[in-house]
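Going by the numbering used here, the letters in the sequence shown line up with residues 1 to 144, in that order.
No lab work stands behind these hints: they were computed from the structure.
For glycine and all other residues, C-beta sits at the position ideal for the given N, C-alpha and C.
Fair warning: there could be bad hints in the mix.
[Stated by the list, open to error] Derived pair list, reagent style EDC-like, types lysine to aspartate or glutamate, alpha-carbon separation capped at 16 Å:
| id | residue 1 | residue 2 |
| --- | --- | --- |
| 1 | Lys54 | Asp97 |
| 2 | Lys62 | Asp84 |
| 3 | Lys70 | Asp84 |
| 4 | Lys54 | Asp84 |
| 5 | Lys63 | Asp97 |
| 6 | Lys70 | Asp23 |
| 7 | Lys108 | Asp78 |
| 8 | Lys62 | Asp89 |
| 9 | Lys70 | Asp97 |
| 10 | Lys63 | Asp84 |
| 11 | Lys54 | Asp99 |
| 12 | Lys63 | Asp89 |
| 13 | Lys108 | Asp89 |
| 14 | Lys121 | Asp89 |
| 15 | Lys108 | Asp84 |
[To be verified] Just the calculated beta-carbon pair ranges, DEER-fashion:
| id | residue 1 | residue 2 | range |
| --- | --- | --- | --- |
| 16 | Pro82 | Ile40 | 48 to 58 Å |
| 17 | Ile13 | Gly122 | 36 to 46 Å |
| 18 | Asn115 | Ile36 | 27 to 37 Å |
| 19 | Leu32 | Asp106 | 31 to 41 Å |
| 20 | Leu32 | Thr117 | 43 to 53 Å |
| 21 | Ile40 | Val74 | 10 to 20 Å |
| 22 | Ile20 | Pro82 | 49 to 59 Å |
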Amino acid sequence: MFKEGQDQFVPFIITIVAIIFTDLLIGIGIGLVVGIIYVIYTNNRSAISTVRDKGAVLILFKKDVSFLNKARLVEVLDTLRPGDYVFIDGVRAQFIDHDIYSTLEDFKLNAHFRNITVEFKGTIRRKVSYRKTDAIVQKTLISE
1 MFKEGQDQFV PFIITIVAII FTDLLIGIGI GLVVGIIYVI YTNNRSAIST VRDKGAVLIL
61 FKKDVSFLNK ARLVEVLDTL RPGDYVFIDG VRAQFIDHDI YSTLEDFKLN AHFRNITVEF
121 KGTIRRKVSY RKTDAIVQKT LISE
């Protein structure tokens with residue numbers, strides 16, 4: 001397990017230690033919780049990537065971006081410098097949480113005060129509405 005890396009080794013060791021100091025069921029439960037925390041941490045860490053080339057910054061959403069990624073996004077947006085050109089690409093994200101949309105909208109409204117040019121691709125907020133037609137519920141995406 002050590003050769004597999006820290007994200008495999010730490011939950012394994014914590015599970016073994018918890019089993020030794022408690023009982024089998026509680027130890028496995030503790031190991032399961034630690035494993036889930038590691039999965040959430042690694043998934044959220046890799047959801048947003050940033051590339052800087054002089055005054056151009058690419059912020060790429062690589063997969064689903066949830067409220068758990070908001071702190072990382074705010075951190076990235078706060079590091080932007082006056083005069084930067086920022087391109088935010090959400091094409092690869094299948095899901096973007098409402099909190100992320102709100103953060104992006106706030107950033108867009110205030111970017112010109114920081115002399116930052118911003119462009120978005122694939123980050124259009126979609127509202128989902130349901131309508132009933134002949135006893136069949138249809139899902140309609142409305143883009144703003």
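Quiz item: Hints broken by the structure, by number, lowest first?
Solution: Those not satisfied are hints 1, 2, 3, 6, 10, 11, 16 and 18.
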